[in-house]
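J.: Sequence lines, in order, name chains P and H. Letter 324 of the first sequence, counting from 1, is numbered 324 in my numbering, and no numbers are missing. Letter 253 of the second sequence, counting from 1, is numbered 253 in my numbering, and no numbers are missing.
Because the hints were derived from the structure by calculation, they are not lab data. You may find that some hints are simply not true.
A pair holds if it fits inside one copy or across any two, identical chains being indistinguishable in the list.
Below, computed lysine to aspartate or glutamate pairings styled on DMTMM-like, alpha-carbon distance capped at 20 Å [unchecked claim]:
#, residue 1, residue 2
1, K23, E213
2, K23, D217
3, K101, D272
4, K68, D272
5, K14, D356
Number of protein chains: 2
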Amino acid sequence: MTTPALFLSRRLRKSPFETRSHKGATGASVYNHVVLPSVYISLEEDYWHLREHVQIWDVACQVQVEIKGPDALELAEYLTPRDLSKIVPGQCMYVPLIDEKAGIINDPITLCLAPDRFWLSISDSDVLLWVKGLAVGAGFDVEVCDPNVFPLSIQGPKSETLLSRLIDEPVGDIRFFRFIETQIAGIPLVIARTGWSGQGGFELYLSDSSEGERLWDIVTEAGADLNLRPGCPNLIDRIETGLLSHGNDMTLDNNPIESGLDRFFKMGKTADYLGREALERIAEAGCPLKMVRLVVRGDPARNPRETYPINLAGTDLTGCVTSITYSPRLECNVGMGYVPSDHAEVGTELAIALPDGIVTGRIADKDWQTGEN
Amino acid sequence: MTTPALFLSRRLRKSPFETRSHKGATGASVYNHVVLPSVYISLEEDYWHLREHVQIWDVACQVQVEIKGPDALELAEYLTPRDLSKIVPGQCMYVPLIDEKAGIINDPITLCLAPDRFWLSISDSDVLLWVKGLAVGAGFDVEVCDPNVFPLSIQGPKSETLLSRLIDEPVGDIRFFRFIETQIAGIPLVIARTGWSGQGGFELYLSDSSEGERLWDIVTEAGADLNLRPGCPNLIDRIETGLLSHGNDMTLDNNPIESGLDRFFKMGKTADYLGREALERIAEAGCPLKMVRLVVRGDPARNPRETYPINLAGTDLTGCVTSITYSPRLECNVGMGYVPSDHAEVGTELAIALPDGIVTGRIADKDWQTGEN
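One chain only, chain P, in its complex shape:
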């Protein structure tokens, strides 16, 4: 079934780059009330290009939530089990946010702009309302607002070369998950070595939306001989890289331990945080399910509209596939999903119910190996 074209109105917040980024996009989604291109030429063409060259991405949908004021750090700590006590200005941290039951609200990257000022660069849910609600309800002395910041991303192996043509600072000095405040052609920007791909790159946080088109054009021109073209977060690359997508791979119904996000934090941080009791109980009891990577040979599978059920041969235990796509490089389907924790070893065979029938998959390691010959 073909899907309808996007119908735009003021309600879908305008990206300052959209006159450029929507051109040539053949598929798009909506993310944080902003249009997010999903495909340009094809998932496969976009994927190969991203791995070889550099792309410019309109990720204005990565909306920022600003927390500012005397209690800003205390509130930021309260939102996540990750320890933020050592965060310094110029640093980014990936912070799963949880609710009182340890359900995952969102999984932003926080940027520490000053000891009393943070941005949360969010995935697709209205974190502004969550943080405001908590702050107002519990009486934190902070301002929580949407600072109207619009990220533009450059991703791919040539992104460092590209950025070095655009800023005065030595690009090599920007460490992974660090940012600097600088400018390109007089346009003030926060530039971080972050981004939603496995190919390396930078995110340029633009505050002055009136400069969006100029910034896009300057970056595009500077990358002309690098085979730069517009792109977007690519489904194949993001699954291969193991980047979890909130809403796809984890929801409010999942906790960070079963989703494997606990690799980003240690239990038992000092500062108070919401959901501590629930999360400690889960950590102690263990999770019935665990997120794994999986490989399915055979025909290309469509990414699920809902989860695909997983059955384990010879048992009554079930799980589900949350994301899957065909990798033209690995020549198999690569996916993510939840399986019973006791059956999460690499190589375990899984029966997966795709819409067109049941197929066999195997749990894979981080290099997508399943232990098969």
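Starting from the known structure of chain P, arrange chain H on it as the hints suggest.
T.: What follows is chain H alone, placed relative to chain P:
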């Protein structure tokens, strides 16, 4: 510029009606993380059909937020300046939700299911996070959850005839903004005389998503001789009817007084509510801007991607158009927007900056009359 096709994944929550409702939809948006069809044949064709017949709408995007427990009413009251003290089970009320500065968070319809159990049938923002944040932060003794309810709407002048064929209860007994709990072909439903059109109709709240397609087919079959077809909230009808759209006509930056939502409540309710102080200050000082209806003769105007600026002849005062579309019935453009409160009389001439040039408009009354000959 043509817009790209919608790219679907699990993150855009699946409507139980979508195998039916997406068929024939030529335009769609995303609303509360759910696909909302926006156009079938054309805005104009859809509009005329809605005014003459009956349409079946997939409005699964009208997500519910459930508030349940000993403090449910107290929390519901806390969210809105509207007095809920006399609400009874079976009653719906339109309740603008505001924040501590009296900014509009959302404008749901609340359904009172029991004295300690409410649904908020929301417009496009994650009210679940707002209400949970407030409840957790301030310690209300409630459960706040997404009850997984999927509304299907039947709208248009023949909707009463249609519904009378489907339920045993006398449809005439369901008053405006009231609901009953009943069933259609064994499918339990909450059915309310509400809906996002000016043509009358009902909303059927489905809890068992596995029955979505069957419900759709039963309703469709029962309406075959009524010229029933799939439809959706129609831009022309909703502007003509004066229905405000959150995200289009008002945002967190607007308060309910300037947006004219204060006609739904009286200031000074007894129960405590967030934003009372701010709202009372605004009520006392008066708002610089006020929402009005407006008419623009001439060529059809496109609905704005951002607001269109309004200037008032002979003054420095400005306002903006938030929604506008061409009405084939009134043979002019009808819109809504904000103008300086001192210049809000019907007939006032406005200079409106559309993308293709400046046009003249006039403030209109509720019947779209401007006092011109």
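J.: Against this structure, judge whether each hint is valid.
T.: How the hints compare with the structure:
1. Taking the closest pair of Cα atoms, K23 and E213 come within 20 Å of each other only inside a single copy of the chain (13 Å); across copies the shortest separation is 36 Å, beyond that limit.
2. For a Cα distance limit of 20 Å, the shortest separation of K23 from D217 inside one copy, 13 Å, qualifies, whereas the shortest one across copies, 38 Å, does not.
3. Taking the shortest Cα distances, K101 and D272 sit within 20 Å of each other inside one copy (15 Å), while across copies they are farther apart (28 Å).
4. Taking CA atoms no more than 20 Å apart as the test, K68 paired with D272 passes inside one copy only; the shortest distance there is 18 Å, against 27 Å between copies.
5. In the homo-oligomer, the alpha carbons of K14 and D356 lie at most 20 Å apart only across protomers (18 Å), although the nearest pairing inside one protomer, at 38 Å, exceeds that limit.
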